[in-house]
Amino acid sequence: MNFRRVGAVVLRQLYLYRSSPQRVLPLFIWVVLDIVLWGFIARFLGQVSHSTFQFGPALLGAVLLWDFLTRVMQGITTAFFEDVWSRNFMGVFASPMRISEYLAGLISIGVSNSLVALVAMYALAWTIFGLSVFSYGVAILPFLLVLFLTGMALGVFGAGLVLRLGPASEWLIWPIPTLVAPFAGVFYPLSVLPGWMQLIGRAIAPSYVFSGLRAVVSGHPAPWGDLAIGAALAAAYMVLACWVFVRIYRYAIRAGLIARYSAETVT
Amino acid sequence: MAGGDWAWAQRPAPVTKAEMTAVLAVEHLCKAFGTLKAVDDVSFQVAPGEIVGLVGPNGAGKTTTINMILGVLAPDAGRVEIDGIDLGRDRSRALAATNFAAVYAPLPGNLTVQQNLRIFGMIYDVPKLAARIEELIAQFDLARFRKTRVGVLSSGEQTRVALAKALLNRPRLLLLDEPTASIDPSTARDMRSGISELVDAGQCGVLWTSHNMYEVAAVCDRVLFVSRGRILLEGDPKTLPSQHGAASLDDLFVAVAHEALHDETAAGAAA
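Protein sequence lines, in the order shown, are assigned to chains C and A. Using the working numbering, the final residue of the first sequence is 267, and nothing's skipped along the way. Using the working numbering, the final residue of the second sequence is 538, and nothing's skipped along the way.
Calculated from the structure, these hints are not laboratory results. Bear in mind the structure is a predicted one, so any value in this text is a computation, not a measurement. Wrong hints could be hidden among the right ones.
Derived Cβ-Cβ restraints for the label pairs, each shown as a range [claimed, not checked]:
1) C:Leu-37 x A:Arg-413: 39 to 49 angstroms
2) A:Ala-514 x C:Gln-22: 50 to 60 angstroms
3) A:Thr-415 x C:Ile-229: 16 to 26 angstroms
4) C:Arg-260 x A:Gln-510: 35 to 45 angstroms
5) C:Trp-126 x A:Asp-408: 52 to 62 angstroms
6) A:Ser-422 x C:Gly-130: 33 to 43 angstroms
Far from chain A, some chain C residues (derived; all Cβ distances over 10 angstroms) [claimed, not checked]:
7) Tyr-15
8) Ser-20
9) Phe-28
10) Ala-120
11) Ile-200
12) Gly-256
Quick partial rundown of chain C residues pointing at chain A, CB under 7 angstroms, derived from the structure [unchecked claim]:
13) Arg-5
14) Gly-56
15) Arg-87
16) Phe-93
17) Ala-94
Quick reminder that beta carbons are idealized off the backbone N, C-alpha and C, glycines included.
Produce the entire structure from the sequences given, and follow the hints as far as they go.
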């Protein structure tokens, strides 16, 4: 792998951020709004409920972690869309850039974006609502790892989908986290779901993170076994997503999709 | 002009070992989209220091051929070698020895001239990139646009930036797909002489597509006439028209295009 080429993909995105506040603002605005909204909801529930359950760390922590996953995914897909919007596919794919280098560049952007958003979210949650990352103990590390991997996998899969279906399919990508969230048990245990939804939920890696989060917040030890299952599932997603992307890329080369990509839709 | 004048079509011989030193060797390239044969058994070479024109009517298969040489379209059969490197086997290394400028592949308009050159310089792993960018900025008279976004430049200025990008890595093979399509005659003339000088000075070979036969005659050492995915004629653009009873390359082009159209209509009627 040529890291200079990976750096080129990342540098392009940095140039865009530097010259375009409208690209920087969304990195923070939605996560800030989510933290403020859910922070006050958690505070209200804490006031009216006689339960000993800690709504703050549970709900606010869940929002923070779910937004983190979403930022990883959107960092990757947005960087990919920049090439779609600027009709730069020929520039990228008719060059010595390997597909692994391009993907590594997109993933680096996703990781950087999400880390910036995570710091902003945590600073706000800690300052206004007193959320402490230490309340989750060392379990926070596997939580983040599983969400990192899942976000990357969703991002790479989303980029592959747009490569296959054409620029007009962009709208399919944005709601992916919202579609996954009900099955992942972000705000509730999987046990409240109907049986078929629970089955799907168990195959979704983040569900192990959020059940682990609630366990830790309730004073139980971190369910390391469950987190290992979550990590294995997330790693499998990542491998699968890269495989799907490479397959779609090869198909695109065979069918001439890349050469014709400036058309709004490619069938 | 009789339809059969070029029906004998100088079919290029298969690439031999001795010819493998060519900067571009295309062997029996085929590509079909459904039942349409876009490129049908095309073989040719481009030698170092040579400018080869690829001309033909719209839909003849020129851009499809170029896309296969650039690795963004896989051939159904045949192979492409760039500077002795098999594109199918070592795509990244083969494409590191080439570069291109095409009207349908604009540079990202939301980046400045300098940013574009830096990004593509990194992609092509250009050594001493900062110095190379300065060289090209001076060569293409881009100093005052250095910090201007490419998207707001005029067509001619964008073409100059695209050419600067195409020369970043000092390519052994340069692909120019209608490079002067959107620029004024004066800029086009400067650009043509610039490219000719570059080719004369170095070991770069150029594959040049154009609909401007004056340009092809002025710049190219050799021309390939393509129609319906096949090379129909090949030769020196200065002597080829007289060899086929045409007054000029323009006339020859029109005759070849009409002949192809006539054949197509006849085939359609027969079907």
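Cross-check of the supplied hints:
| no. | hint | in the structure |
| --- | --- | --- |
| 1 | C:Leu-37 x A:Arg-413: 39 to 49 angstroms | 45 angstroms, holds |
| 2 | A:Ala-514 x C:Gln-22: 50 to 60 angstroms | 57 angstroms, holds |
| 3 | A:Thr-415 x C:Ile-229: 16 to 26 angstroms | 54 angstroms, violated |
| 4 | C:Arg-260 x A:Gln-510: 35 to 45 angstroms | 37 angstroms, holds |
| 5 | C:Trp-126 x A:Asp-408: 52 to 62 angstroms | 54 angstroms, holds |
| 6 | A:Ser-422 x C:Gly-130: 33 to 43 angstroms | 59 angstroms, violated |
| 7 | Tyr-15 | 5 angstroms, violated |
| 8 | Ser-20 | 8 angstroms, violated |
| 9 | Phe-28 | 21 angstroms, holds |
| 10 | Ala-120 | 25 angstroms, holds |
| 11 | Ile-200 | 37 angstroms, holds |
| 12 | Gly-256 | 5 angstroms, violated |
| 13 | Arg-5 | 5 angstroms, holds |
| 14 | Gly-56 | 42 angstroms, violated |
| 15 | Arg-87 | 6 angstroms, holds |
| 16 | Phe-93 | 5 angstroms, holds |
| 17 | Ala-94 | 4 angstroms, holds |
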